[in-house]
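A.B. asks: Chains as they are written, first to last, in our numbering: chain A, 11 to 262; chain B, 11 to 262; chain C, 11 to 262; chain D, 11 to 262; chain E, 11 to 262; chain F, 11 to 262.
Rather than coming from a laboratory, the hints here were simulated on the basis of the structure. Here the structure is a predicted model, which is why all the values come from computation and not from measurement. No false leads were slipped in.
Identical copies look the same in the list; a pair holds intra-copy or inter-copy alike.
Below, simulated DSBU-like cross-link-like pairs (lysine-lysine); rule was C-alpha separation at most 35 angstroms, straight line: (1) Lys-205 x Lys-14; (2) Lys-226 x Lys-205; (3) Lys-226 x Lys-14.
6 protein chains.
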Amino acid sequence: MSNKLAEMTTDQARDAVRLAPLVIIPVGAQEQHGGGMAMSTDTVRATGLADLVAGRLDGRAVIAPPVNYGVSPHHMAFAGTVTLSPATFQSVLRDVVASLHQHGWRQFLVITGHGGNNAALSVLAQEYLLQPELTFAWTPITPLVSDLIAGMEVSQVHGHAGEAETAQMLYLAPELVQAELLEPGATQLDELPPKARLSRQAQGPRLSVGFDAYHKRGVLGDPRRATAEDGRLLVETAADRIAAFADELLSA
Amino acid sequence: MSNKLAEMTTDQARDAVRLAPLVIIPVGAQEQHGGGMAMSTDTVRATGLADLVAGRLDGRAVIAPPVNYGVSPHHMAFAGTVTLSPATFQSVLRDVVASLHQHGWRQFLVITGHGGNNAALSVLAQEYLLQPELTFAWTPITPLVSDLIAGMEVSQVHGHAGEAETAQMLYLAPELVQAELLEPGATQLDELPPKARLSRQAQGPRLSVGFDAYHKRGVLGDPRRATAEDGRLLVETAADRIAAFADELLSA
Amino acid sequence: MSNKLAEMTTDQARDAVRLAPLVIIPVGAQEQHGGGMAMSTDTVRATGLADLVAGRLDGRAVIAPPVNYGVSPHHMAFAGTVTLSPATFQSVLRDVVASLHQHGWRQFLVITGHGGNNAALSVLAQEYLLQPELTFAWTPITPLVSDLIAGMEVSQVHGHAGEAETAQMLYLAPELVQAELLEPGATQLDELPPKARLSRQAQGPRLSVGFDAYHKRGVLGDPRRATAEDGRLLVETAADRIAAFADELLSA
Amino acid sequence: MSNKLAEMTTDQARDAVRLAPLVIIPVGAQEQHGGGMAMSTDTVRATGLADLVAGRLDGRAVIAPPVNYGVSPHHMAFAGTVTLSPATFQSVLRDVVASLHQHGWRQFLVITGHGGNNAALSVLAQEYLLQPELTFAWTPITPLVSDLIAGMEVSQVHGHAGEAETAQMLYLAPELVQAELLEPGATQLDELPPKARLSRQAQGPRLSVGFDAYHKRGVLGDPRRATAEDGRLLVETAADRIAAFADELLSA
Amino acid sequence: MSNKLAEMTTDQARDAVRLAPLVIIPVGAQEQHGGGMAMSTDTVRATGLADLVAGRLDGRAVIAPPVNYGVSPHHMAFAGTVTLSPATFQSVLRDVVASLHQHGWRQFLVITGHGGNNAALSVLAQEYLLQPELTFAWTPITPLVSDLIAGMEVSQVHGHAGEAETAQMLYLAPELVQAELLEPGATQLDELPPKARLSRQAQGPRLSVGFDAYHKRGVLGDPRRATAEDGRLLVETAADRIAAFADELLSA
Amino acid sequence: MSNKLAEMTTDQARDAVRLAPLVIIPVGAQEQHGGGMAMSTDTVRATGLADLVAGRLDGRAVIAPPVNYGVSPHHMAFAGTVTLSPATFQSVLRDVVASLHQHGWRQFLVITGHGGNNAALSVLAQEYLLQPELTFAWTPITPLVSDLIAGMEVSQVHGHAGEAETAQMLYLAPELVQAELLEPGATQLDELPPKARLSRQAQGPRLSVGFDAYHKRGVLGDPRRATAEDGRLLVETAADRIAAFADELLSA
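My request is simple: use the sequences and hints to build the entire structure.
C.D. replies: See below:
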């Protein structure tokens, strides 16, 4: 039987409330990922991780249908990007959680493939503190394995559509990567214009800039260095860590 | 090249603004579909139709990522159903349309596999009258071919998860139909309780009831009569009619 | 004693909660109705029907004060039209229903004289599914008697401010019709510009257009053909059908 | 020709934009008015004043359809009362003003028969300061003639459904007053319970109480003392003063 | 021990719920106050009054942190003014009251130093009628002592940043008054332009104008006449009256 | 002349738009800070930092009045805590920024003394990406000097109302620290209950818990170890770093 709510019948869902008390909700984005990657990259990675994590949980989790759009104002300079307002994005998750909570689920874990969703998810998590009858956790993917990325050969500036993200896609969905079209984006701090550089300070005030301010391609790092093998390590380790967390949560 | 925005790169999207001026947005639902069909049935049919319609339009349309959740309060008595509030559902579409409009698209066609989304879409369409710089059309699927359904052998009461919808799924995604679990729901008007019967009047005031008021299974009609062949006729005809409309719209 | 809440004292209302468990809420519009009819046409018809329906219910219904404004963006090209946003219109009805519900009423029937209100009313009806302690029904007027209109001599294109609506006004409020100023509007499908024609398809995707796109007068059909006698038939039959529905609802 | 937008055709409205640059919007309430007066009292007085004021302005004003519901939480202890939330009430007026502004009107005067609407109208007036292209004025009725009321024989405590309001109704709509059912409400400050008395301080902090806290009938003063002659003086003087204001505004 | 919630520890607050059942919330504004006074004038006076009132209540009141911004659209023509929308201002107070109510407080008194907040506070007070478990009172400052001001030597037109307000500041915070920069603003009704004059009618419809419409300095009256001694009388008398009210409320 | 907008006259503000193009907005919280610190701790630190930063910028920055309330649902188990909803908090900042932007300021830097505000500020920063005509930056305080804290003697678990925060208060506002009442809170990871421990994982999914889940005192770390000298180092270094950022921003 599928662990995806989308593929279940309602009778199967009714049983899952009891058997699979954790709901995993994958959320992604529809946004530019450079010259060679599909714009669904964040949704694909969130969905892929959800599958791997649920697989590690031995039937104790169900996966909700993915939210295919995210909060992406910083990529709106690039055609095809769609951004939900943070308010809309939050409303979708509130409605999904409230509906499933009404059927009896109590524990929710959002996996976001897109860092632009983090702030809205943090706000939601604060709101759910006022509803102690349910647990709302969420996780990004790439930051969970930043220790591993540090050990790989990455550019000084790296991130969106760069080495680590491209590697994950080469592992999870190589058909959505057109290797011959991959191009480096911003790779050196001192090549960035002033405001873009300020926004990348490790320990300083927060400044957000549109990704066209970093590089005309909107890419951070050099995706040509990505390998499927690195992707496997990042993805499977992230899945291990999320599953370990979920396991503790289910036992708490 | 894919006609799906999700699979395109941003460069391909930039070109598509010019070459493929119509955006098709499939919207579905996560809701009960009786004992034998997957809860994603409406999303699957919307996505399937979007593919068929875009295919008929020779590259003049792109397909946006599907909205996997819809307005389904009438199915909330059944486990696994998720309902967005009409306001949330409308906000998602407003944000999607506004984002793509910003990139240059001017024509939008929502295909909904779920009748519960119709009212919210009608309201949206009214709002877009105040933005004459873009065209917002939308279409259900099954009502487009009600003339064909009338010619099939259907129950007196038929509709949700019944003959016609099951047939469409047998054609589009048979792997999501568990034939041995299909069961008839409400099939005769005079078997319905009073308020449920009132809600099915052909020419009378409108009354909405939860689908548990029709039948404990929430099904209207007898899905066991459905055939993939009927499904093919319904689906392909609906695609023909939507494509014909889109073609006229593109020429208008 | 009046059956209108507006004319009652609070003591009479207190008794009516028990004796007259159905609240009828007439909603209309302030919008153009061609060269010869008053802009309150939809409010007048809604109020008129409410009176006739309540009269048939022998004291079992009260009539709330009418909502004199509706959702009319499609008529904003014509001076004097007022449109509430769908959200505002819905808020008004939510507040009216919630207030009267608090006093003990449980059954509500909105009669709308204006088709532009239908979508917002449908959305409201979905929302009330989550409040099973009250019943929210609504009805348009003209569509209830479309079978009778089909038997009258009407233009190929007919509708807003056309034969049937003008007939109803000649019966209900002839002082608001200036017969000598009635002019035909759009009457033939093939005279319509492409998008306007697309919007009138019987079985196709839904497209909304401003009524100035149909005709410079914003009229569908030829109001000069209207007679008070036809109006009487339409109005009284609609009242019969709504009252029959209300009677069943009160007994359910 | 009528000066009511509801009775005009769109062509007449188009001319009125130029000839009658002031829009008067009557707003009332559906709320208890003691044992002998109709619950529409505030709407009736607002509409009546609008007629008298427009009449004094020689065709330079049009009257919009009345808003039949107001902000009445303080009367919700009494059956039949309806309250819009202040937000809903404000949205209605915003939409009405915006629509008519779009047709070319620039000056708006709301006449409210109900004091419970005052705060929401004051807030609206503040918001319109940010739209200097239009003028938004509003007026209550009874406070405009408080000097005259002081000269009449009124109770120490007087106000809602008391001497002055009943007098106005006896003049404007005697058919909505059932004289034999009029009863005194609270008439002496020292008969009021503490919080109710605090709320009536002339020069002190503001405290709102439900009208059931004043008296079981929700009446302030003794309506039996009201005369149509007093009503005539109050109503006609209020109309004079509003018309004088409007005249100055039109000349400003 | 401080009676300010800001200076208390949570343990002290826990005790205060019982010992000091009234919460005083000072609200002010950041807005122009003419050529010689600080823009925090309204916040300073609200905070000052809160201290004096709490002092008179012998430990039975706590003071919440001040809301430093108010509703000031009428001063936006003057640099440095900040306006919250009425909706935002109301949300802040709703959240503050709800939070403290959750900890056990039941009585709230807002002291506003800024008349622009009055309408929004009145609306809030209406909303709280629907929550009878808490008492929400509010008070302006200057209108509480209008009888005393009438006995002082003030201009025909006086008010914002004029004699009375400047006097209060000379008493409460003389360091925020630069006496040598004080200049008269509008002082005579017949010097005002027509709309500004209309807005100052004692007994007429309400019209709001930006304060630049009164005078280029946005001042009403002549602040040079203000004395600290007058300020002392106004401030201490207002404190007496508010404290007397609070005392009655606490005993009610 | 003061660099605080609250203390300026409008004329001074008018000049400051040109001379002091950066607006610093301090935002804090009203929330429990253990047994010995004032509940305004976060507001006090934000205001203190704002002063120090502005001082380092030689007149190129103005300081807006502080927002005295923040987003604190995680402390609502402790008396005296007030929480704004994230939506309210964001609305306040939106209105403040919009008002000052209207007067000509283009650069805004929010200094938050409260980590609970971070998520809402991040969301705001995303929204401002769509308004490129202004720059919206924000900064927490303590995380800016986490490298220094790591070098101090702190507990394994430390944070809210612990060593570093208390040290800052001993330096900035010792009168708001009652040293004899300081008590240790949670200090060891393995003493935490499971969900609380999960929420403190360095590299794992995000889980928010109420601070009563960490310790009955809601404190993380041992505030008794705090010294004013450490506080001086943390505060002055944070001010240096924020000022350096602001300096670069002003030159960018």
